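Since the structure of chain A is provided, determine the placement of chain B on it from the hints.
Next come the chains, spelled out residue by residue.
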Amino acid sequence: GQNIDQPTEMTATEGAIVQINCTYQTSGFNGLFWYQQHAGEAPTFLSYNVLDGLEEKGRFSSFLSRSKGYSYLLLKELQMKDSASYLCAVIPMSGGGSYIPTFGRGTSLIVHP
Amino acid sequence: DGGITQSPKYLFRKEGQNVTLSCEQNLNHDAMYWYRQDPGQGLRLIYYSQIVNDFQKGDIAEGYSVSREKKESFPLTVTSAQKNPTAFYLCASGRGINTGELFFGEGSRLTVL
Numbered sequence: 015g016q017n018i019d020q021p022t023e024m025t026a027t028e029g030a031i032v033q034i035n036c037t038y039q040t041s042g043f044n045g046l047f048w049y050q051q052h053a054g055e056a057p058t059f060l061s062y063n064v065l066d067g068l069e070e071k072g073r074f075s076s077f078l079s080r081s082k083g084y085s086y087l088l089l090k091e092l093q094m095k096d097s098a099s100y101l102c103a104v105i106p107m108s109g110g111g112s113y114i115p116t117f118g119r120g121t122s123l124i125v126h127p
Numbered sequence: 153d154g155g156i157t158q159s160p161k162y163l164f165r166k167e168g169q170n171v172t173l174s175c176e177q178n179l180n181h182d183a184m185y186w187y188r189q190d191p192g193q194g195l196r197l198i199y200y201s202q203i204v205n206d207f208q209k210g211d212i213a214e215g216y217s218v219s220r221e222k223k224e225s226f227p228l229t230v231t232s233a234q235k236n237p238t239a240f241y242l243c244a245s246g247r248g249i250n251t252g253e254l255f256f257g258e259g260s261r262l263t264v265l
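Read top to bottom, the protein sequences are chains A and B. If you read the first sequence in my numbering, its first letter stands for residue 15, the second for the next number, and so on. If you read the second sequence in my numbering, its first letter stands for residue 153, the second for the next number, and so on.
Next up, chain A with everything else stripped away, as it sits in the complex (with noise of 0.2 Å):
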């Protein structure tokens, strides 16, 4: 089976950086993604990591360690609005050919004042 693990909640404060965590045990690496989930809304995506290494994307980034089963979100220079679940998704390999991202449970981060 697959098994993602995150953080449930980190609080952080506006203006601060904040990283959150996901590790991973897959049968095999398609690639993992990060979206963001305001309550009651869809997640919206945020990165895409395949290779090792940092993606850089404004305030956002995302690095990936494939060797160690891990990634982090670094959120700088927090807004309110960051307030919102964060969500690692990792795509096993498959055989057959599917596709089937895996969501972790997701970290609930409360920016505040």
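Hints in this document: simulated from the structure, not taken from any laboratory. Only a predicted model underlies this, so the values are computations on that prediction, with no experimental measurement involved. Every residue, glycine too, gets a C-beta built ideally from N, C-alpha and C. Any given hint could be a false lead.
As the list claims (entries may be wrong) - Restraint-style ranges between C-beta atoms, simulated for each label pair: (1) B/Thr231 / A/Thr58: 29 to 35 Å; (2) A/Thr58 / B/Asp211: 31 to 37 Å; (3) A/Ser81 / B/Ser232: 45 to 51 Å; (4) A/Leu88 / B/Thr229: 40 to 46 Å; (5) A/Gln39 / B/Tyr162: 34 to 40 Å; (6) A/Glu91 / B/Ala233: 46 to 52 Å; (7) B/Ser232 / A/Lys95: 17 to 23 Å; (8) A/Ala53 / B/Asp211: 20 to 26 Å; (9) B/Ile203 / A/Leu65: 40 to 46 Å.
What follows is chain B alone, placed relative to chain A:
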């Protein structure tokens, strides 16, 4: 504008009734997915379809049924056999190959009275 549309956004159902949630996409995506989201549980896969006229069970398919008669449409029926159907249901689509993110609909919140 291309996108993925779910309806209804809110739905109330009495115990013992079947209900069908609609999901339509005009992104020309081959793959479509249904996830269920409960508090603290993350997204759990109900059914997925990689191509028209074919679909596969996910991790929690019991009590649900789907069809994929058209590329654009992937409706989900929550049957009376589903023991705990109150949840937030998310439909997603993707290119279904080894790249690319999933695009999500806005979700349907089902409450069983």
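Against the structure, the hints come out as follows:
Remark: the range hint 29 to 35 Å for threonine 231 of chain B to threonine 58 of chain A is upheld by a beta-carbon distance near 31 Å. At roughly 23 Å, the beta-carbon separation of threonine 58 of chain A and aspartate 211 of chain B lies outside the given 31 to 37 Å, and the hint is violated. Between serine 81 of chain A and serine 232 of chain B the beta carbon distance is about 48 Å. The supplied range of 45 to 51 Å therefore holds. Leucine 88 of chain A and threonine 229 of chain B have their C-beta atoms about 41 Å apart, which keeps the hinted 40 to 46 Å range intact.
Between glutamine 39 of chain A and tyrosine 162 of chain B the C-beta distance comes to about 37 Å, which sits within the given range of 34 to 40 Å. Remark: the range hint 46 to 52 Å for glutamate 91 of chain A to alanine 233 of chain B is upheld by a beta-carbon distance near 49 Å. The given range of 17 to 23 Å is broken by serine 232 of chain B and lysine 95 of chain A, whose C-beta atoms sit roughly 41 Å from each other. Between alanine 53 of chain A and aspartate 211 of chain B the Cβ separation comes to about 24 Å, which falls inside the hinted range of 20 to 26 Å.
A C-beta distance of roughly 28 Å is found between isoleucine 203 of chain B and leucine 65 of chain A, which places it outside the suggested range of 40 to 46 Å.
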